[in-house]
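Line order of the protein sequences matches chains A and B.
In case it helps, this note's numbering puts the first sequence at residues 1 to 197.
In case it helps, this note's numbering puts the second sequence at residues 1001 to 1559.
No lab work stands behind these hints, which were simulated from the structure alone.
From the derived model, a few chain B residues whose C-beta atoms are all more than 10 Å from chain A: (1) 1081; (2) 1385; (3) 1462; (4) 1489; (5) 1543.
Within a straight-line C-alpha distance of at most 35 Å, the following computed DSBU-like cross-link-like pairs (lysine-lysine) qualify: (6) A:3 - A:133; (7) B:1512 - B:1547; (8) B:1545 - A:133; (9) A:181 - B:1545; (10) B:1512 - B:1545; (11) A:3 - A:181; (12) B:1512 - A:133; (13) B:1551 - B:1512; (14) B:1551 - A:181; (15) B:1225 - B:1206; (16) A:133 - A:181; (17) B:1547 - A:181; (18) B:1551 - A:133; (19) A:133 - B:1547.
We treat Cβ as the ideally placed atom computed from N, Cα and C, and that holds for glycine.
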Amino acid sequence: MIKADIVLAGVGGQGVLTAAGLLAEAARRAGLTVKQGEIHGMSQRGGAVTANLRMADGPVASDLIPRGAATMILSLEPVEALRWLPWLADSGVVVTSSSPVENIPDYPPMADVLEALSRLPRSVVVEADPLAKQAGSGHANNVVMLGAASGFLPFPASLLRDVVGELFRGRSARLEELNLKAFDSGRAAAAAAAAAG
Amino acid sequence: MSDGAVGGRPAPVLPLETPAPRSPLLLGDEAVALAALHAGISAAYAYPGTPSTEIFEYLEPRARALGVAAYWCTNEKTAYEQALGVSMVGSRALVSMKHVGLNVAMDPYGNSALVGIRGGLGVVVADDPGMHSSQNEQDSRILADFAGIPCLEPGNQQEAYDMTREAFSWSERHRVPVMVRMVTRLCHGKAEVVESEPECRMPPSKPADPWEWTLLPGNARRLRKLLLESQAEVRRHTLESPWNRLEPGGASVRKGVITTGIARNYWLENRDDVPERRHHLHIGAYPAPRELVVRLVEEVDEILILEEGEPFLERRIRGLLPTALEIRGKESGDLSMTGELTPEEVRRALGLPARRELTTGLVLPGRPPQLCNGCPHRDAFHAMGMALEGRERSVVAGDIGCYTLGALAPFQALESCVCMGASIGMAKGASDAGLRPALAVIGDSTFLHSGITPLLDAVAHDTDMTVLILDNGTVGMTGQQPTVAPHSAIEAVVRGTGVAAEHLHVVDLHPKRVGDVAELIRREVAHPGLSVIIAVRECVESARKHKAVEKRREGGGAS
Chain A
1 MIKADIVLAG VGGQGVLTAA GLLAEAARRA GLTVKQGEIH GMSQRGGAVT ANLRMADGPV
61 ASDLIPRGAA TMILSLEPVE ALRWLPWLAD SGVVVTSSSP VENIPDYPPM ADVLEALSRL
121 PRSVVVEADP LAKQAGSGHA NNVVMLGAAS GFLPFPASLL RDVVGELFRG RSARLEELNL
181 KAFDSGRAAA AAAAAAG
Chain B
1001 MSDGAVGGRP APVLPLETPA PRSPLLLGDE AVALAALHAG ISAAYAYPGT PSTEIFEYLE
1061 PRARALGVAA YWCTNEKTAY EQALGVSMVG SRALVSMKHV GLNVAMDPYG NSALVGIRGG
1121 LGVVVADDPG MHSSQNEQDS RILADFAGIP CLEPGNQQEA YDMTREAFSW SERHRVPVMV
1181 RMVTRLCHGK AEVVESEPEC RMPPSKPADP WEWTLLPGNA RRLRKLLLES QAEVRRHTLE
1241 SPWNRLEPGG ASVRKGVITT GIARNYWLEN RDDVPERRHH LHIGAYPAPR ELVVRLVEEV
1301 DEILILEEGE PFLERRIRGL LPTALEIRGK ESGDLSMTGE LTPEEVRRAL GLPARRELTT
1361 GLVLPGRPPQ LCNGCPHRDA FHAMGMALEG RERSVVAGDI GCYTLGALAP FQALESCVCM
1421 GASIGMAKGA SDAGLRPALA VIGDSTFLHS GITPLLDAVA HDTDMTVLIL DNGTVGMTGQ
1481 QPTVAPHSAI EAVVRGTGVA AEHLHVVDLH PKRVGDVAEL IRREVAHPGL SVIIAVRECV
1541 ESARKHKAVE KRREGGGAS
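Same shape as in the complex, but just chain B (with noise of 0.2 Å):
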């Protein structure tokens, strides 16, 4: 066939013989991956949660090989308590999370600057700007500012991959944990990573002084100034570091670019249609060093800022002072404040023109995401929508997972969805309040991660309400990992918070049974007390899974 020939003249080919691939193509967070056992952990950390969750996945496997410890957890905050106590030992253990996981884990986490590491504690944050899969776009840069914890902000796949392998050395040298902060282009994007030296595992050895790690008000208040104190070396550090950088421009230019981690790109995508050479500092490494930006801003009358998620280092700079300094950025509206950024934003506010766009008259339908043909999630549903017609003062709250979907047409089935096992404290909320009947419903494994303490409170106020557990055995939505406890653990946890067994029910969410699994939630709703139902049906996607699984052992091979 003629090769690229409808209309326009044809693309040039490469030659057939061509060089042997030499690197992996990594996906970022991959390379994170790689870069963590690269770099000698004894054990690694997570919940699953998107866009973080092929680091453990991809870490998984290659860990048990190599005999380092590697488990998904309860929740962020089980996570981040055990890789502080490898830390503890000397040894160096890697933690993981999306940006709302953080939140899970801001109790050890805000607290754990303040104690002596001692085994390099890295800790990777996976932002979502424009929330392709989460609640909120927070900034993670904040948080490791906030924490006095140093934040290393990777700008492509490569990047990502060093600045895992140097976290774990900062970390011993300045004796904090330091955050890899990375968000969800980066983690989903493949790109070559070359790897560099593995380093070898630190052996555990009981910590010489506890002094520091006891935060009694007494200690903590010394160990609050001894990290004071060390942050002076900390910004040396990031002054000195080569992922912070400043590009001087042409001789005349007055006009300045201030990237920070895969803003770069945008600004390397644009560069050339720019006329001017314009100065470029790159920060990679926080705390920012003071001294690059006044460097920049003696030579120029203008900067554009550009990074993703919150305006953090547009906010430091700008301050509150009247400046003659024109700052340009996400405050000043040259880009917006909500959302990724995108190439062509950047080049908008680099006052380029934009690129001429295609277009039909044709309105196009969105397609939103969908549950999966046979998903329990549906029956579930379609049993509450009948348990519950006729009731017009009814409300139900929702939560994390597949079934957040059901909050959507043709289910309309859920009320809220604000985090992780919230649907349980804000029934009891809207039921204190007087409204009921009042429903939660909740996955198992969201159960498990923060839903059996509000289930304990619910018992100790004897509350009117009830939660419905979607147990499908899986953490569906981030792609079916297992969850911590098995099927069978879910009602014992839910026994021993001491929900009165007469109104505590496990029952086949088979198809078959809607009809009896609605009769049960019209049942229990009218009982003026506590009630939970456990709905049992595997998610139909990790039931898929496990047949092709057992087909491969029983079949050899043949597909």
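Here chain A stands alone, though its shape is the one from the complex (with noise of 0.2 Å):
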């Protein structure tokens, strides 16, 4: 049986919703029924943001992944990603980016962070920012981390890339561009990572 339970995270403007699609698109293509659950209103201003994604090839009962049962966490800020770790299985993964978004006057000492995120069974960090500033865009972070997260679902990474690629070619060609390249550099960001852990 096949079942991907994706718990996505970030912080309102980081384009959560934007990845949660994307990751959704790729999952119909592969022939898997989706369920997308997101929270729109209130949630969206500044603050923490999520959606749940789960994928199966049978059918999918509930919009909320269960506690205790995500497959993965994908998250755009790390602060983020550890908010939502009680949901994670304890064969799932979390892939994080590092660059923290530190709206709030409380934000914890970044070592704390990355120290909590290095502790766990299975975490891929990349650093998402600069290498969507490389590809282009400071915006394109969130096509980084799904291209970090590729690696890690139930079908071929390229089915992603294509979505991604097709998306952002009906805006312009550069844009496609940037953000293809965004989403390859943070494959071989995962892959390093994964390789160096």
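Got two chains here, separate frames each, mind docking them using the hints?
In structure tokens form, the structure reads like this:
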């Protein structure tokens, strides 16, 4: 049985919902049943944002991923990755950006955050912001992280890469190239992190 | 790279040759909108409110393409009345709102089962258990019951589509409006939805009998009797409906589960871990048929009732009299009386062990929502803070919108948030009681929705208070929907209520003019009578969207 339950996390404005939509589309092309849950409204304004993405080769019942059952936490921000840890299954992986969004006064020391991430059984930490900027836009960090996650999905990474390319091709050739570059750099960084870890 | 190889075993990977997606991935809200269009509605009405907003947002452009009328309205009451008018002339209408919006529409809603519905009237109400973006978590099923209105409660996006389609034919068959009760998780969750054959629109026709629509007391008594008599037929319908289904469990199993709406998903999520095959009754159509509950109870000694929202069905089944049946649910303490149901809470109620949860020792700070950078409300609160500095006894009543965040640090500028428009009435009450200065802070859309009538009271009673209307030109909170009247109209509306011209000000809330605005507030607060200050600056998000649209128009697509 094929089944993946992904908690996507980040801060309002980072593109969590866009990333969720791209993943959902790729999963559908892989022939999987998809449920994509998110919360709109208040939570979007610079606050913590989350989406639940469930995919399986059979029916999916709940829109919410049960605690202790997620196969992946995919986070665009390191503190937000830790926030959803109770949802992660024992065998699950955390794929997160290490670039902080410090829009709160009591943000914990970065060393503590990274240390907590490193103590997890399976984690892949990628410095997404510089990679996004290198690719050509600070806004592409969500696509960097999709690339980082692409090796841990129940379908080939190329499927997700194609969906990313198609979305941005519709806007401009420059955006398509930029986002594919962001995707590839995230994928390479995750591979390097996994090899080192 | 080594796929999924950071510890643990690699996850199975699908081959590349895959079928094309069959149907669109739709939000529950979008499924409702599509179903209404496919049901051949002639008109749709709404006021924005989370989690219902996306129904109308999805519907509006598609309705326009089909020549179907679709309007954002002043408030839920005006929306509801317009939908009633469509039904009166024999065409189908959709009206959608959030749960507390139904309170605003309560006057027409509460009477609408008495009239002789002609064109199907679908009332979609989106509840917000857990209060993700609401002031309360009221359960609209109770209000369906109260009004004598049948209610369909979808459990997934497909049912949201199918039930909305059915709501219109049910409405015409029983000649009452039909409610579709949505909840946040369903509204804002996407799944594949299979569409069915669209129906044609029904052209309007003059109502044959005005006495079906005229609730003069003598006639209302007649119609009330007709409504009560029709309930037996509605109950027969919900008994036969496939939305209500009893699935027998194992022959010797004496336990049962009743689910309603999306609660079924959490049962299904855990069912395979439950050792015995329990009897299961699912309710998707109300009034819940007594016969099915009785049939279930004959088989079991214990039932667990799972429902999102109030223990509506549970209370009904439990009643007041003692019973040998063990009834577990919210009132027994097996499930929380407040908040959303979750798969793990249902798991616990089923007696299953919790899954292991990872934690770190690190204490994580909360990350609450904030006003956007460059938001005009920030400057409004700064100006207010300056104006009220040193005034120990002032009271500032707030209202519903993005600016409600002004109640939080660092602003702490508002001292109440109750319902749409309440700021003006509550500031007036405080002033009437003798506590001054009394201020009300309200957004332009909220003012148009429910702020005009309390302002008329303040004019009539010449109340000593100051009203600050934050005019950002949009319904910001729910995603920048258009307000029902343009910027320029607000001043005319306020003047029309009779506010004295010398105490009615329209000011530009430019960041550089915060000091001037503060001075103006200070002056009007000192005036022993009614003042209204309209502080104008466009919402930063809607300004950004407008600029993007303009740029696209000029630039021809280059991003």
